[in-house]
Amino acid sequence: MMILRIGWRNLWRNRRRTQLTMGAMIFACAMLVFSLGYYDGFLWSLINNATEKENGHIFIALPGYYANPTLEDACPEAISSQILPDVKAEIKGVCPRLQAYALLSCGTDEENRTQPAQIIAVDYQAELANSKLAGDIVTGGFLTGDEREILLGQGLARRIRADIGSEIIFFSNAADGSIASEILLVKGIFSSGENIRDSSLAIMNLKAAQQLLALDGRVHSHRLFLRDPMQAEEIAARLNASLKTLEATPWQSIFPQIADILKVWLGVQLFTVAIYYAAMALITFNTMYMAFLERMHEFAVMQAIGLTRRLLAVLILSESIIMATASGLIGTAIGACANFILFYHPIDLSRWMESITWGGSSIQPILFCVPSLLSNLLPLLAMILLGFAVAVLPTWRLYRLRPVEALREG
Amino acid sequence: MKHFLLAMLMTASMAWAGDSGGQASGSSELDAVALVRAVETQYQGERSHGKMRMHIKTRSWNRMLELEMWSEGREKLLTRILAPVKERGTCTLKVDDDIWNYISRIDRLIKIPSSLMGDSWMGSHLTNDDLVKENKVDKLYQLAITERVGKDVTITGKPLPDAAVVWGKIVYKIDTASLTPLLVEYYDEEDVKVRSMVFSEFKQIEQRWLPMIARIVPEDKPGEFTEMQYLEIDFSVELPRDLFSIKSLRNR
Amino acid sequence: MLWLKLAWRNLWRNRTRTLVLLTVITGSLAFVAWMLNVAYGSYEKMIEDAVRMGSGHLSLHHPAYPQERLSEQFFSGKQAMPLLANRAGISKILPRLYVSALARSSRDNRAIMILGVDFENELESNPLLQPSKTISGKIPASDAQNLAYIGTRLAENLRIDVGKKLVVMFQDLSGEITSKLYRVGGIFKSGVTQLDGGTIFVNRQSLATALGNSDALHEIAILLADRKELPEHLSQLQKAYVGHKDIAVFSWETTSRQIADAIKIDSAQFKFMIFLLYVLVTIGTVNLLLMSILERTREFGLLRAIGLDRRRIGGLIFCEATLLGIIGALAGLVLTIVLSLYSWHYGLDFSNMFGEAEVAGMLVSMKVNSTWEWDWMFGLAAGMVVVVILAAIYPVKKALRAAPAEAMRHH
Amino acid sequence: MSIVSTTDLKRVYESGATEVKAVNGVSLSIEAGEFAVLAGPSGSGKTTLLNLIGGLDRPTDGSVHLDGELLNDKSDDELTRARLFKIGFIFQAYNLVPVLSAYENVQFILQIQGVPDSKHEERIMPLFEELGLSGLAHRRPGELSGGQQQRVAVARAIIGHPSIILADEPTANLDSESAVALLNLMHRLNLEQKVTFLFSSHDKKVIDIAQRVISMRDGKICDDHRKTQ
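Residue numbers (our numbering), protein chains in the order written: chain V, 37 to 446; chain D, 19 to 270; chain X, 141 to 551; chain B, 147 to 375.
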């Protein structure tokens, strides 16, 4: 279409100015895509820290267990029969967990240090596949299924002066009231970033704990990992309909503060888009409008030789939209690949700052982005809309133009 | 030879040992405080050795334990599990305020930290704290005889203003004839019974009257109890000097 | 003088264009500067709350205490207090004891942390010890020796209420296990699970005697009248206590490290936004100047013809850019002041959006009053002027490249 | 003594592949007080020659002397200073700075020359009276007619006491009446104040009034004669 070709060529008539304006638009768009990716990364890791280590996206246990967990309230290890197939499709993985309290002691008879600890027993293969628990190991290694292994929180290990390979005396009451005692070897020490949790938590293998605490074939909870954590509430509701004896609790009700943030999240993102693009719109408008004013004479001539106002309007609109779409695409591309790079290789900032507990979870000192459709499409669409908006005023001016006046001005 | 009853059977409770001289002390109008103090001083330096069966029934399990015990006064106590075989050899040693658990199966010793005093002992309704308790009842409670039915006397103890005890009120029922406790009840500050200890099957051993069975019942957990029954007990026993020590635990 | 008049008038030859760019400069400067004031207001609140609830702007501890927090790591109040007396700039001195213990009632028991405090002293500053947080009973009076002020979840767990008994058991300084009776004087609800379920406040004197050393202290929290004087006070106190090997001075940045880090992350994000703002304005300015110069090529030719050398014409354009920057910066400052005046006086309330937020174990209220960060505001405004001037470099080079004759022909 | 003298002046433009010899070997000298015109059709190189003489452009070959000084090897700034103090330019149009008033446009020259502000009024107002501009001092160029604008341009050209005034088609945009008025004015200045004028124009009125006519064609001088009267 001739108009489009003229539009394209007009853009490059003043190469320097067009490049500069597009540069600005590309920069704003890329920055926006990156920021939205960063915000998502921030939220995503906040949710993961809260859910993956502790309760998964959905926490299944006996009704009321979450409120006050007791050793006796154990449920069968095999629950897959109670989960409907359509829900199963949504589930990425299940991690059974057994929870108890025990005395852990380390050192010789004369000088031994004993601390009460919360014990969680996990299926190490399921954890490796689904949760980030293994990621927290700072020294030694994660569980390998050997029944005499135990992992200690950094604070707990320091308190009982235990290190990799030290002998730990495990002393507790089994579910049948009998004494549960065993000698375990420290396989690894972990640091989850939450000091309180690290100074009172130990992790061991599920099989060993079941045998030790007389809970064979039974666990206290199942932690479901969903493909999309945001659907936790909806899937929990469907589960509750089908689970006979158990109760499914979504992470939103376990971490209300994070759920609050989620509600306002879209609002925050739109606010950010509005701010970036308001400034960008003004700048781009400046350029387009000036370019238009300069070419009033030219438009008048074109009108004189017979182009209708409507066609001229299309010309101006096409120029603006071509520029906006091109910059939008390039900007989104740059921003998206920045997000992808930071998604697969997040930058570790722990040298400058520790992690911070926040609303039950913890903010990790890493620069981490999550590319998502929304954080790519939103800026692109907004940019095209911007291109359209910026061209409206000049087009309106065009309709009020009287060719003779413009010609004389030339 | 003076007689006394094992302190560990009762928490902040009192036991009475009549002396062999027959009824003299039973019938005398000793007031509550003298009654209690007399009991308290009985235990200084008394030694015992015996076997006991413990039946623990809770909401989720039902357990039978057989224990061998040694004690010296109220300060020192040693128990060793005889049955079930899985836990055979596990010992608990209490000296003054400290408690150790020795687990024979893994040949290891654990000292119970102060923050775990509230935990249950061996899964029973007794807590570590009950074992350690050697506070002087008469120093913590305002004791008064509140009822006298024939030879059964009821003494009520109101805690003194700054006494560090959790109960609002304690009630003892004592058979002054055999000078043995019938029951002990613990109330909170709204006079709601929280916990009670009932004694039964009184027998005379070596001129001492002794309740052979003590049953602890937590009121807020219906159907649950811990029952301790003496199978045999011997007071005139010579105990090795270093019996109550960590070293001796190992070579049991 | 004509010089300035010329530059001024050149600016307004095309009013819309200049106004649009001025809006961008003013709007973005005001937005960032105002947000900065609000952010510093929230940092201020976070630090002051954390400092009042936690260990003060500065704190005295046994050297190893902050790391290990063992109750046997105490120091003597008699040695420490006199050196603090009548020091200008110190607004509050809060001696405290921290003892981990077992709290028991007739029904249940829980592991807790006992805080021995001087109630009337803390009442004026500690955000937790405020009547607004009390849900039943009241905060014990300063002379009440055996009243405890406990968290709502602890009261629920132990099934006790105001007036009821609470026995605490802990190891005293000589290692003996002792018990002490307290009665519940009041119950608080802070919203921070760890505080509500595991913390009780008692009279410091009563706890010290129970510990076996009435002069023992784990912490003296020091609140300064003005946090900006913290560095001098820190060095003065460190010099004052150099003789005492068991007393060390710490700043809040080390004792409540997480709050400091939370602020670091937030201000890093801010610097990124400021960078972005400046890039946007640079592009906008270059755009504008470039266009206005392209329009005036013929005029520049004329000026060159009548005897203005390159340096002077460049000077004229830079003068225009400077004027632009200054007007934008001033307007931005005025707008920032207006916005900040509102948010400083009335404060912004995010609580309905976020409710009470728990950050780093502290309760942070979401009602923020912005502060006046004048140095930042002027810094940003000055930065804006500089950015606009720098943005003029490219357009000026472009304008002067054309030879006068050729410029003259430019239609 | 000649104000301007050129020897074998050449100026060649490359526009694409072809070479345009705008000025092709011109040797010319203008004496003080002359009222001369470069006449010739457009494209004859008269504006290029004028620009070369005025130091607005650099010759490809040959030399230009202004007030005895060689312009060729002068740096750009030196050329600018020369233009400021020695030459007054009057162009066909767009002579004035649109945002400055008539008075300010003239005052501008004095300011750049470094003349103290106090002297400006006493030098500008008499000239404005002489050129019939006294009532228009505070008007902007946009508020003046073509003739008035050109008269302000003349004022600006003269105010700095230049050695020579170069006027490129000054009357092209004017109606004939204001053109004649402007030319008579300039002629009066030439006669009374011995101001040297060099025009480049193909307007017959200018050629009639000029005292010396230098005709140019294809970058060369083809005729150079002085009128006797």
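Keep in mind that the hints were calculated from the coordinates and are not lab data. Cβ atoms here follow ideal geometry from the backbone N, Cα and C, with glycine treated the same way. Just to be clear, a hint being listed does not mean it is correct.
Below, a list of computed lysine-lysine pairs in the DSSO-like style, where the Cα atoms sit at most 30 Å apart [stated by the list, open to error]:
#1 D/75 with D/211
#2 X/507 with V/299
#3 D/187 with D/157
#4 V/299 with X/329
#5 D/191 with X/304
#6 X/404 with V/299
#7 B/350 with B/373
#8 V/280 with D/75
#9 D/69 with D/104
#10 X/368 with X/379
#11 X/278 with D/176
#12 X/379 with D/157
Derived DEER-like restraints, expressed as beta-carbon distance ranges [as the list claims (entries may be wrong)]:
#13 V/232 with X/275: 54 to 64 Å
#14 X/216 with D/178: 45 to 55 Å
#15 D/115 with X/216: 24 to 34 Å
#16 V/377 with X/419: 16 to 26 Å
#17 D/82 with V/380: 26 to 36 Å
A quick look at each hint next to the structure:
1. D/75 with D/211: holds (20 Å)
2. X/507 with V/299: Within the cut-off at roughly 19 Å; holds.
3. D/187 with D/157: holds (14 Å)
4. V/299 with X/329: holds (25 Å)
5. D/191 with X/304: holds (26 Å)
6. X/404 with V/299: With a Cα-Cα distance of about 26 Å, the restraint between residue 404 of chain X and residue 299 of chain V holds, given a limit of 30 Å.
7. B/350 with B/373: With a Cα-Cα distance of about 15 Å, the restraint between residue 350 of chain B and residue 373 of chain B holds, given a limit of 30 Å.
8. V/280 with D/75: holds (28 Å)
9. D/69 with D/104: Status holds; Cα separation ~18 Å.
10. X/368 with X/379: holds (19 Å)
11. X/278 with D/176: Measuring from Cα to Cα gives roughly 27 Å; hence the hint holds.
12. X/379 with D/157: Not OK: residue 379 of chain X and residue 157 of chain D at ~50 Å, beyond 30 Å, violated.
13. V/232 with X/275: 54 to 64 Å: Violated: the Cβ-Cβ distance is about 24 Å, outside 54 to 64 Å.
14. X/216 with D/178: 45 to 55 Å: violated (32 Å)
15. D/115 with X/216: 24 to 34 Å: For residue 115 of chain D and residue 216 of chain X the Cβ distance comes to about 27 Å; the hint holds.
16. V/377 with X/419: 16 to 26 Å: For residue 419 of chain X against residue 377 of chain V, whose Cβ atoms are near 21 Å apart, the range 16 to 26 Å holds.
17. D/82 with V/380: 26 to 36 Å: violated (60 Å)
Hints 12, 13, 14, 17 from the list above are not met by this structure, while the remaining hints are.
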